[in-house]
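All residue numbers for the sequence shown refer to my numbering, where the first residue is 1 and numbers rise by one.
Incorrect hints may appear among the rest.
[Unchecked claim] Computed beta-carbon distance windows for the label pairs: (1) 603 to 1050: 24 to 30 Å; (2) 91 to 249: 37 to 43 Å; (3) 603 to 1082: 52 to 58 Å.
[As the list claims (entries may be wrong)] Here are the simulated lysine-lysine pairs, DSBU-like style, with alpha carbons at most 30 Å apart: (4) 295 to 322; (5) 499 to 524; (6) 704 to 1032; (7) 221 to 173.
Since the hints were made in silico from the structure, they are not lab data. Think of the CB as a built atom: it goes at the ideal place given N, C-alpha and C, for glycine as much as any other residue.
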Amino acid sequence: MAQILDGKAVASDIQNNLKEEIKRLSDQFPEFIAGLAILQVGDRSDSNVYINAKLKASREVGITAQHIKLPRSSAQSEIIEAVQRLNEDPNVHGIIVQLPLDTDSVVDTHLVTNTISPDKDVDGLHQSNAGQLARGDLGSCIVPCTPRGCLELILRTGTEIQGKRAVVLGRSKIVGAPMSNLLMWNHATVTICHSKTVDLKTEVSQGDIVVVAIGQPQLVKGDWIKPGAVVIDCGINSIPDSTKKAGYRLVGDVDFESVKHVASWITPVPGGVGPMTVAMLLKNTVDQARLAFQKTRALGCCCNILILDPVNGYSDIHKSLKEEVARLKEEYPGFSAGLAIVQVGDRNDSNVYINQKLKASKDIGINAQHIKLPRSSTQAEIIQAVQQLNRDKNVHGIIVQLPLDTENTVDTHLVTNTILPGKDVDGLHQSNAGQLARGDLDACIVPCTPRGCLELILRTGTDIKGKRAVVLGRSKIVGAPMSDLLKWNHATVTVCHSKTADLKAEVSQGDIVVVAIGQPELVKGDWIKPGAVVIDCGINSIPDSTKKAGYRLVGDVEFKSAKLVASWITPVPGGVGPMTVAMLLKNTVDQARLAFQKAGGVTQWCLQLLPLSLKTPVPSDLDIAQSQVPKDIDVLAREINLLSEEVDLYGKKKAKVSLKVLDRLAGQKDGKYIVVTGITPTPLGEGKSTTTVGLAQALGSQLKKNVFACVRQPSQGPTFGIKGGAAGGGYSQVIPMEEFNLHLTGDIHAITAANNLLAAAIDARIFHEATQSDEALYKRLVPSKDGKREFCKIQLGRLQTQFDITVASEIMAILALTTDLRDMRRRLGIMVVASSKSGDPVTADDLGIGGALTVLMKDAIRPNLMQTLEGTPVFVHAGPFANIAHGNSSILADKLALKIVGENGFVVTEAGFGADIGMEKFFNIKSRYSGLTPNAAVLVATIRALKMHGGGPTVTAGMPLPKEYTEENVKLVEEGCSNLMKQIENARFFGVPVVVAVNAFATDTPDELEAVLRIARSSGAFDAVICNHWAKGGAGAVELAEAVQRAAEQPSNFQFLYDVKLPIEEKIEIIAKKIYGADGIELQPLAQEQIARYKRQGFNDLPICMAKTHLSLTHMPEKKGAPKGFVLPIREVRASIGAGFIYPLVGKMSTMPGLPTRPCFYDIDIDPDTEEIVGLS
1 MAQILDGKAV
11 ASDIQNNLKE
21 EIKRLSDQFP
31 EFIAGLAILQ
41 VGDRSDSNVY
51 INAKLKASRE
61 VGITAQHIKL
71 PRSSAQSEII
81 EAVQRLNEDP
91 NVHGIIVQLP
101 LDTDSVVDTH
111 LVTNTISPDK
121 DVDGLHQSNA
131 GQLARGDLGS
141 CIVPCTPRGC
151 LELILRTGTE
161 IQGKRAVVLG
171 RSKIVGAPMS
181 NLLMWNHATV
191 TICHSKTVDL
201 KTEVSQGDIV
211 VVAIGQPQLV
221 KGDWIKPGAV
231 VIDCGINSIP
241 DSTKKAGYRL
251 VGDVDFESVK
261 HVASWITPVP
271 GGVGPMTVAM
281 LLKNTVDQAR
291 LAFQKTRALG
301 CCCNILILDP
311 VNGYSDIHKS
321 LKEEVARLKE
331 EYPGFSAGLA
341 IVQVGDRNDS
351 NVYINQKLKA
361 SKDIGINAQH
371 IKLPRSSTQA
381 EIIQAVQQLN
391 RDKNVHGIIV
401 QLPLDTENTV
411 DTHLVTNTIL
421 PGKDVDGLHQ
431 SNAGQLARGD
441 LDACIVPCTP
451 RGCLELILRT
461 GTDIKGKRAV
471 VLGRSKIVGA
481 PMSDLLKWNH
491 ATVTVCHSKT
501 ADLKAEVSQG
511 DIVVVAIGQP
521 ELVKGDWIKP
531 GAVVIDCGIN
541 SIPDSTKKAG
551 YRLVGDVEFK
561 SAKLVASWIT
571 PVPGGVGPMT
581 VAMLLKNTVD
591 QARLAFQKAG
601 GVTQWCLQLL
611 PLSLKTPVPS
621 DLDIAQSQVP
631 KDIDVLAREI
641 NLLSEEVDLY
651 GKKKAKVSLK
661 VLDRLAGQKD
671 GKYIVVTGIT
681 PTPLGEGKST
691 TTVGLAQALG
701 SQLKKNVFAC
711 VRQPSQGPTF
721 GIKGGAAGGG
731 YSQVIPMEEF
741 NLHLTGDIHA
751 ITAANNLLAA
761 AIDARIFHEA
771 TQSDEALYKR
781 LVPSKDGKRE
791 FCKIQLGRLQ
801 TQFDITVASE
811 IMAILALTTD
821 LRDMRRRLGI
831 MVVASSKSGD
841 PVTADDLGIG
851 GALTVLMKDA
861 IRPNLMQTLE
871 GTPVFVHAGP
881 FANIAHGNSS
891 ILADKLALKI
901 VGENGFVVTE
911 AGFGADIGME
921 KFFNIKSRYS
931 GLTPNAAVLV
941 ATIRALKMHG
951 GGPTVTAGMP
961 LPKEYTEENV
971 KLVEEGCSNL
981 MKQIENARFF
991 GVPVVVAVNA
1001 FATDTPDELE
1011 AVLRIARSSG
1021 AFDAVICNHW
1031 AKGGAGAVEL
1041 AEAVQRAAEQ
1051 PSNFQFLYDV
1061 KLPIEEKIEI
1071 IAKKIYGADG
1081 IELQPLAQEQ
1091 IARYKRQGFN
1101 DLPICMAKTH
1111 LSLTHMPEKK
1121 GAPKGFVLPI
1131 REVRASIGAG
1141 FIYPLVGKMS
1151 TMPGLPTRPC
1161 FYDIDIDPDT
1171 EEIVGLS
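Could you build all of it, start to finish, from the sequences and the hints given here?
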């Protein structure tokens, strides 16, 4: 009769010990806590029972446990965000996600559990922990609770596991698979059985230890059990029982009544494994809390003969790879597959192997490089070499030749784990090992030798499913992954090793035998089951006086005797060895193909969209922004197919993107290019930024398009002045809103620093010229070198300069209009910053400062990656005003975005103020320098602004709106549509289809809205739609997105408004007459003088950037609608040579706006306790 393994008693003992340990640590270190977080989705009653048991047990031992309960409506992104918050909480040491998830949404449970930090994964489900367990790294991984509890129960029986035959029924990721690994690394010989095993009873009957987790009530009977076996029953099932009050009773997967008469020990159900699972959850939590505390407080230390010759399999694989590389080069111009082999030292055998790999690589067209480090190399130097290869986009596969021939102590495991999993073509990284152990074969790189062995087995025609496979050896390189590979190809696998009691008996049962045990000719013919397939991975040298070298190579199998019994057998040498090389090459080509497909061919993104929690009334912009948890920006970057080396993180929520993306995607067709503009606005703004973001959210979250929004970075003037921030508003915003509106990544500070440096250079030159003689100044400026004084390159450029103007700083405009770093260097250098005493122009390069300015701007040139409230990507870059500058985000951001979204994607960019201001400059200046062709324009209008243009009262920022704006007045709206009609006409001058977006407010009436739609369509708009994105996010702009998609499919008839070769005054007049509706222009004397000078200096052929009020089509802010009969006064004409435009100053327009009487900064503050910003809008 079996003894009962009382799980409750053992668990109670463990929990008492944990309670004492926590008390001891707390007494010694009052700040010590052990924190457990249980995340539940939905409200399953069985989950509630399990969670309450865990919470109760946690409290009893002194663990601080919290229960995070998410609603069934939770999306995958919300669940992941909850996990990420717990990852970042230093007081949480263990996180479990209660499974199964009770959710209405489609959720990838594997992705959720893999989001948990491996060192907080107290359920042991993360692929990193699974990989380390599979590889036998028991000291560095968290073992899943149920297997750990089972092992503890086995050990408590006094059974010595080493050498015992263990049978595990079930291969689940939670119990079966990790249980088999745990027993194997405790030196049992393990057979894993499952639903495809042919004869379960026979397999089970051989087990000294039997662990059952197969989910079939009372499957295992007494006559299945070897007498005296230890039986651990992990099952829990309910079966009908009319004698019970509940109508059912709980039973395990083992028929307890019959098995208890045969086994020596058995666990009951309930009361056996269940309590141990909870106890081990608590133990894992306390272990991780202690480790975390030790880390922070330093408490502790941290037949046929299957021969692969040139005419057999290896040659076939070699040939097919060579053909594939050639085909990929034709399909993807510029394709190459790169392999890097890192060698430390100079071992002769390593040199031979490496030369073979280099030759084979060259033969099929792989670009292979050999990085040879000296024996004196330290671990840090080896890791640094690997990290450099990780960053090299031309390297797709990295291997570190083992063993390392080094004089220093080096952690080989750490070195191989430094290789990026996606470049680990040896398949040794713990992430690849973990995915293989869990059966995620499509997501991992399989080690070369096991992959080669599997290929050989398949080439015999053997159907692996249901076969009995025996693997001799459990090395991390061959044995362990080979057993996993066979297991997930549905073989019933037994892993044997040096501690297996009767190797011969085990091997003799194998239909497939893979030998990698490192003992020459160990396996004899009489060990082999007749007809078995034998794969010999061994290679050993034994003395042989008949050989010239004095030795010969043999495998781990005695070939002569085994070949008489096996159906197929591999020879040594010439069997597995060539396949290992072949699979190394195949892994490399596979990864190169994947990398190139990702790099060069834009596909539909798999965005993790962020759900909106819409509220009525709509909260403040800041409240909405702060209530949404953004994705980590590296996650978003991966989702949109940016490579890790192309993204520099600035914290977790923003990043800069490398301009090298343009080189990588040079062959990719651009997406559709949409510009958002508006009618002439009120001082309150009409929601152009909000519409830009809302349209992008609609295209991305609702229409499932690849879409980028490209917006300007707001300056601190509007943010702290009258307008507030520019992140959009309501449920259509860029987040984190505070970072967007304030420092972001420091681009504006870089521009400020560059301006200050330029000012300092000017002051210094004026001072030195005023206080020194020409001779002394010349000696200082042109120092003697080898007895000669020569002008440097920049100074020579000064002597050739013929500019004759003085202009204020234009660095922001240069940033927005530059096309690459070289272009920015040129533009900064040719800025004219002063005049000499004789009237000659002085440029930045004259002062020798052009290069230094570029250095300050070298990071600012890269666009900033952020996200919308719904998780779609946004580029934030540059911030020129639209009324006194050209008012558009950068060319580079648009170019990058158009490539990243791909041919079927969309880029939505915003032009400042009304169409007469920002849009005109977008087309005539930005599009001219970028060479990009816009596909459509969106013209934003509001009933409020149209009423103002129809003769409504003055709208003043900070004051309540007059009643005319909140009560229905269709006539006022219709009269105000004169401005809308003019701005539609303005857009059509450029040959671009116009979609009118009416940004709806709660006070708008159906008749007012319908009037706008009717007039817009009759005035030439492609379409006109009502939008509610402020209140509903992307869902409120679906109709707009669909209209924009249709408009963008129209043939492009884009054209510029004027030829830049026309005289300056004629270009100004064309803009004034066509865009503003003026009768003509009046050039004041200073303007006439300046224009004449620019023509003499050769600057006539630059585009025009009008500096004009944004509040009217005229130069008079109070004139609304579409005025006629006015002449546009041009007070002055300035030039920005570096930026590349002439800018006339219209009327009283100031280029130095100031703050209002009551600036926004009155309301902006920070909570010193939470560090949350308040009052920002």
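Right, here's what the structure says about each hint:
In this structure the hint that residue 603 and residue 1050 lie 24 to 30 Å apart at CB holds, the actual value being about 26 Å. A C-beta distance of roughly 41 Å is found between residue 91 and residue 249, which places it inside the suggested range of 37 to 43 Å. Between residue 603 and residue 1082 the CB atoms are about 56 Å apart, so this pair conforms to the stated range of 52 to 58 Å. Distance check on the hinted pair: residue 295 and residue 322 sit about 51 Å apart at the alpha-carbon level, beyond 30 Å; violated.
A threshold of 30 Å between alpha carbons decides the hint, and for residue 499 with residue 524 the separation of about 19 Å falls inside it, so the pair holds. The hinted pair formed by residue 704 and residue 1032 meets the criterion: a straight-line CA distance of about 17 Å does not exceed 30 Å. Simply put, residue 221 and residue 173 have alpha-carbon atoms about 25 Å apart, close enough for the 30 Å limit, and the pair holds.
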